[in-house]
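Protein chains: 2
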Amino acid sequence: MGFSLMRNQKFMPTIKHLLIISIAINAGLLLKLLHHEHEWAGLPGPDTNPKNEVRLVKDVLRKAKPATDQFINLDHGDPTMYEVYWKQMGDKTTLVLSGWQSISYFSDTKNHCWFLEPGFANAVTRLHNLVGNAQTRNYHIVVGTGSTQLFQAALYALSPSNAPEPMSIVSAAPFYSSYPLIIDCLKSGLYKWKGDASKFNKDDPYIELVTSPNNPDGSIRQAVVNGSGGILVHDLAYYWPQYTPISFQANHDIMLFTVSKCTGHAGIRIGWALVKDKEVAKKMTKFIEISSIGVSKDSQLRAAKILDVIADTYEHTEKFDKATLFFHYVYNEMAKRWRQLRSAVSKGQTFSLLDFPVEKCNFSGQRFGTQPAFAWLKCEKSIDDCEKFLKKHKILTRSGTHFGSSEKYVRISLISHKEEYDEFIRRLSLLSSMNSPHE
Amino acid sequence: MGFSLMRNQKFMPTIKHLLIISIAINAGLLLKLLHHEHEWAGLPGPDTNPKNEVRLVKDVLRKAKPATDQFINLDHGDPTMYEVYWKQMGDKTTLVLSGWQSISYFSDTKNHCWFLEPGFANAVTRLHNLVGNAQTRNYHIVVGTGSTQLFQAALYALSPSNAPEPMSIVSAAPFYSSYPLIIDCLKSGLYKWKGDASKFNKDDPYIELVTSPNNPDGSIRQAVVNGSGGILVHDLAYYWPQYTPISFQANHDIMLFTVSKCTGHAGIRIGWALVKDKEVAKKMTKFIEISSIGVSKDSQLRAAKILDVIADTYEHTEKFDKATLFFHYVYNEMAKRWRQLRSAVSKGQTFSLLDFPVEKCNFSGQRFGTQPAFAWLKCEKSIDDCEKFLKKHKILTRSGTHFGSSEKYVRISLISHKEEYDEFIRRLSLLSSMNSPHE
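Quick note, the sequences are listed as chains A and B, same order.
According to full-length UniProt numbering, the first sequence is numbered sequentially starting from 1.
According to full-length UniProt numbering, the second sequence is numbered sequentially starting from 1.
So that you can see chain A by itself, here it is in the shape it has in the complex (with noise of 0.2 Å):
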């Protein structure tokens, strides 16, 4: 009835309606913006909505916590802890690959490593710089499949290859436990597993492998064997300011490194090598085409992003808030869990820790002792197979016996999710305080 009441109306606009109208088109117009605007502020992707990206934080929670009478996987060292953080971030390390992206199998054509992107390298270079752990000043950069292939390209540069003996590598026990597995998976006639650093017969040619922070007990280490023909690759896969105060800038020979215990990104697989001498970095490239024709470009480009994003964090403060600051953030967090840890060994006498000298941190100024990725525990009195005794109790954690220790010590992953974490720290904590404990 209105309606046709309206169509019998004679409506002549005057200026002013006209203004009215257009003011109301201008306010529509204005609300439209004012959405777009507020949806630009995200990338798309299954993680701009706010909504979703609580959604998704509180299912990697939810994920993680384990029922009280389910296995508690301590056993690799699996980096979900950072998961929280990197989720906190937000889209600041969303990286967007279009699909004509890592076609070709070359990223540098003139760089001898002709795999490496320009990016990533950049990106190594600034974060050591940033942090002051390693000199990279006519170094050259290698990168590999994780620094699991970097070791391997390592020792095929470092081996003669005519020599009439394997070359010799060994490192100090308790020692990686993956170093004898992947040195004679394939019983080359290169290289040969010879165990134990300190109980090398110092006359033929070696390398020692010094892991320091060293995996498994967090100890810091150098070469041990002292032989005129020895060589010496640096694995500092745990000197990052989060585990470790940074008290010298390292310049060694060779030196691995790797994403995954420096941001946290395992399933990216990527490490990277600072490497002294050009030839040894030629062979060590020469390796990994052929083992692999190079390495993922995808992931290069995404490590090179989120190791820029961490630098970010502190040379771009104006952007970020302060509780992002990267290493500050997982510091705290590595401090918190060695808090919790020590005040559940201290419990009892079931359980022993080392103990790590307090020292200067050059990059934070603080002063603190070593806070490893891993808990080197060992088992007191008449436990003799500790590993076994915690998987009794549904902790399933890595024997000594496998980095050419005892097996009064295991080897704990202390980087997993927080609610695994909590869980673990509650049955040690029982454990601790049980007054005599039966294997």
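If you're looking for bench data, these hints aren't it; they were derived computationally from the structure.
If several chains are the same, the list does not tell them apart, and a pair holds so long as it fits within one copy or across any two.
Here are the simulated DSS-like cross-link-like pairs (lysine-lysine), alpha carbons at most 25 Å apart as the crow flies:
no., residue 1, residue 2
1, Lys278, Lys110
2, Lys391, Lys286
3, Lys336, Lys347
4, Lys391, Lys110
5, Lys394, Lys110
6, Lys283, Lys187
7, Lys192, Lys283
Given chain A, put chain B in place with the hints provided.
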């Protein structure tokens, strides 16, 4: 002067003035909104602006165009030909990766291949089912850092760890030039390169590598040794309908594939193996665990997206232009390049090429002869060293000697950028029609 005049004038806005201002604001807001809609049509990133897209396509082409006095490098099989197709697909294969992805080492703890992304496994199965080139039912999928790593994983899995002598590895000449390099790289005690399969003594146990279509010569291959102690590994990197008729569904014990030659994404470094025997698949997985603690998740996610889009172009035809059917598009490009190549070679007596039998392709329904990714070119007449001859004319190729064959032959990549290919054809035509080429 004009400014002071205006300042002294009294400006009293009428409703008419206000209307004009309001309409002007309307127009401004509308323009800004339209600009927003324009941006929104694509995804953010370097390739979202249609103007940029065009520029980037041009860049690819321009980048590839060699000057007439420049070297053309056709030594490697770098599949840059594929860039144009993926650029044309715009954002359909764009992948957004969030900063919190790829943290854990694990992709699927229920699968024996624990680093295999389920989405990638699904995409592989889906594509094989679409194309019909290989059975997937009752096969185990193992993912690798390219098929190069999987090939080594297969050798590790199939060679006994306690045999008195290393396992013999053979392949019929001309064989893939990297086989001897990869196999003997570490002087393994598990296996050893024994060269041309057709000259192999049948009494020893051995592994025969069957590459079909073959790299370098494109021939369709079957095992040649036929000994009782033989194990076969089939490298089917080129068994895709752009290169050869899909005449049967392959169901060999171990079949290797790679994204590089299927979709052209060589820089992704992703390959996969279809393995019948569960224990062999497990041992292959073990090798990849030891040598690189799994395979890049980012690359697997990208590969999954790309393989799925290829299947989509066939299975969701309503969403795609017919010109985007992936295998048809690339088939046509390969057919064109082979016509150009044969036409250039037929201009004289300088060169010759193999002929390939015509067969029906069960995938496309078409009848055609293999049109390999490489040309296996023979220099005729007095030209003894074909690589050297072409190098003098600024065409870099790989000599037959690397493939266990004669220096009369070279392998030439046919899957580089169009501009590079056209320039190669131009130069080859000139050489071909020379009356008496001198080496």
